[in-house]
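Chain residues, written in single-letter form:
Protein chains: 2
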Amino acid sequence: MLVNGESGNLIGMRDRGLLYGDGVFRTLCVRGGQPQHWLLHYQKLQQDCVALGIACPDFDLLSEELASLLPQHSDAVYKLIVTRGQAARGYAPAPDAIPTRLWDVSPLPAYPASWAEQGVPLYLCALRLGEQPRLAGIKHLNRLENVLAAAEFSGNGAAEGLMLDAQGRVIEGTRSNVFLASAGRLLTPDLSRCGVAGVQRERVLAAAAELGLPCEVRDIALDELLAADEVFLCNSVFGLWPVARLGGRSWSEFTLTHKLRDLLENAA
Amino acid sequence: MLVNGESGNLIGMRDRGLLYGDGVFRTLCVRGGQPQHWLLHYQKLQQDCVALGIACPDFDLLSEELASLLPQHSDAVYKLIVTRGQAARGYAPAPDAIPTRLWDVSPLPAYPASWAEQGVPLYLCALRLGEQPRLAGIKHLNRLENVLAAAEFSGNGAAEGLMLDAQGRVIEGTRSNVFLASAGRLLTPDLSRCGVAGVQRERVLAAAAELGLPCEVRDIALDELLAADEVFLCNSVFGLWPVARLGGRSWSEFTLTHKLRDLLENAA
Chain A
1 MLVNGESGNL
11 IGMRDRGLLY
21 GDGVFRTLCV
31 RGGQPQHWLL
41 HYQKLQQDCV
51 ALGIACPDFD
61 LLSEELASLL
71 PQHSDAVYKL
81 IVTRGQAARG
91 YAPAPDAIPT
101 RLWDVSPLPA
111 YPASWAEQGV
121 PLYLCALRLG
131 EQPRLAGIKH
141 LNRLENVLAA
151 AEFSGNGAAE
161 GLMLDAQGRV
171 IEGTRSNVFL
181 ASAGRLLTPD
191 LSRCGVAGVQ
201 RERVLAAAAE
211 LGLPCEVRDI
221 ALDELLAADE
231 VFLCNSVFGL
241 WPVARLGGRS
251 WSEFTLTHKL
261 RDLLENAA
Chain B
1 MLVNGESGNL
11 IGMRDRGLLY
21 GDGVFRTLCV
31 RGGQPQHWLL
41 HYQKLQQDCV
51 ALGIACPDFD
61 LLSEELASLL
71 PQHSDAVYKL
81 IVTRGQAARG
91 YAPAPDAIPT
101 RLWDVSPLPA
111 YPASWAEQGV
121 PLYLCALRLG
131 EQPRLAGIKH
141 LNRLENVLAA
151 AEFSGNGAAE
161 GLMLDAQGRV
171 IEGTRSNVFL
181 ASAGRLLTPD
191 LSRCGVAGVQ
201 RERVLAAAAE
211 LGLPCEVRDI
221 ALDELLAADE
231 VFLCNSVFGL
241 WPVARLGGRS
251 WSEFTLTHKL
261 RDLLENAA
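Keeping their order, the protein sequence lines are chains A and B. Each residue of the first sequence is one higher than the one before, starting from 1 at the first, in our numbering. Each residue of the second sequence is one higher than the one before, starting from 1 at the first, in our numbering.
Where hints are given, some of them may not hold.
[Unchecked claim] If you want the footprint, here are the derived chain A segments under chain B, 3+ residues with CB under 8 Å:
id: 1; stretch: 109–121
id: 2; stretch: 135–147
id: 3; stretch: 200–213
id: 4; stretch: 250–264
[Claimed, not checked] Calculated lysine-lysine pairs in the DSSO-like style (CA-CA distance at most 30 Å, straight line):
id: 5; chain 1: B; residue 1: K79; chain 2: B; residue 2: K139
id: 6; chain 1: B; residue 1: K259; chain 2: B; residue 2: K139
id: 7; chain 1: A; residue 1: K79; chain 2: A; residue 2: K139
id: 8; chain 1: B; residue 1: K79; chain 2: B; residue 2: K259
id: 9; chain 1: A; residue 1: K79; chain 2: A; residue 2: K259
id: 10; chain 1: A; residue 1: K79; chain 2: B; residue 2: K259
id: 11; chain 1: B; residue 1: K259; chain 2: A; residue 2: K139
id: 12; chain 1: A; residue 1: K139; chain 2: A; residue 2: K259
id: 13; chain 1: B; residue 1: K139; chain 2: A; residue 2: K79
id: 14; chain 1: B; residue 1: K139; chain 2: A; residue 2: K259
Hints are computed from structural coordinates only; laboratory data are not their basis. The structure presented is a predicted model; accordingly, all values stated were derived computationally and were not measured. Heads up, the beta-carbon is just placed ideally off N, CA and C, and yes, glycines get one too.
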């Protein structure tokens, strides 16, 4: 682990990342010593920093730190956290705050092999996401909603939990984005009120365009998801997972999902 | 500063308080070596821990830690943070997580002497609070809304910022609760959708009851606040501040506010 470029795993308890969740993060995979889509992750990090008024560390600096970890951890999940830095007391950020950079490395998770092929059981979370347009889309450190939602299905066998907003619109998984395929077109929720817009979601949208597949980003009701031909989840760690079950509904045809997955994996 | 009872100011970067804002906090004053309303703060801490499923540290343990700091810091602001503790990767909390206990001490802030007597300038924040009934009322570590709101009026002379919800209802200050006095009765916003229910708010409600002052906790529109006879803010550090100005509206009579303040200070 790296803390501001130095080997270590401790941060100051006055760091605004801890005090207020005042920071952003990325989760990416390294395979065979190659960081996957690092440039895309950096671009998202930068956008998220701009949205919060955090001075985003330079690409070159973060790339160097990342590169220094690769020899020891050639196949792993890398988490990068950038916080607004140390704070004097009070919510208002100092304009000259120096961001804190943290890198953490974990083993690649071992998911059941069947999940990528035969699909995953998805749980419908009772927790509804609150709407906050100022924070929507951003992968920030205020993640209590995800924590409470994940606690709902922990240990019940589900691979992921689906979260709706207060109006019952489909938004995302607790750690993934969600897509529907219906009648030869792709649908994914609008994330302008809540939710996190992940790098893998962007890659799926680009892959769909490449396949000439019409794709809509808009509000989606739960009924529309249940009526879809295929449903899949995506994130930067597991890639694409078809959904096999949600409540009483089950799916077993994953033609389009697998086609997209193959395209994305070959592009990696 | 104390970290799990030991002198220190560093925490592990895998603490869920940092990763997800998965924790709660209290801010209290110590004056003349006496912690102010520590029992009330502990009770709130406990309620907030229960709401998030965090195992709240014992009263005796925290009281001992607090007592150990008093000789060195007899007049100061104490901040207590309790996080869910260290994490394996992933949002789902481990049922056996051991909470992290952090104490931080800062000097009592030096506010302009006029503020408590002649009232404070209040700023109307553009940021609207999102609704999340599962987190409403809790003093948790997901405070990005407060950060963004505080950034709006930082350096413009305002003492505090007023936050509304998406529907334009009055909710709270960025670090305080808000009350209105109109026609001999007290009003304060319902905090069941968003906002933090502070200890000082509870004390004001109790003091009002003691004075035989009718008090309503309900939705309040901004117009109703602007039409109020008196408006005041409260928190555990500054006590009670009358509001002197908000936008074009100004107030100069603070009879009820000062009466409540005197009652609260004598009860301290």
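These are the hints, each one checked on the structure:
1. 109–121: With 1 residues in contact (Cβ-Cβ under 8 Å with chain B), the coverage given for the stretch 109–121 of chain A is violated.
2. 135–147: holds (count 9)
3. 200–213: violated (count 0)
4. 250–264: Since three or more residues must qualify, the claim that chain B covers the stretch 250–264 of chain A is violated, with 0 doing so at under 8 Å.
5. B:K79 - B:K139: 12 Å, holds
6. B:K259 - B:K139: 28 Å, holds
7. A:K79 - A:K139: 12 Å, holds
8. B:K79 - B:K259: 28 Å, holds
9. A:K79 - A:K259: 28 Å, holds
10. A:K79 - B:K259: 53 Å, violated
11. B:K259 - A:K139: Violated. K259 (chain B) to K139 (chain A) sits at ~46 Å, over the 30 Å cutoff.
12. A:K139 - A:K259: Between K139 (chain A) and K259 (chain A) the Cα gap is close to 28 Å, so the pair holds against 30 Å.
13. B:K139 - A:K79: 27 Å, holds
14. B:K139 - A:K259: 46 Å, violated
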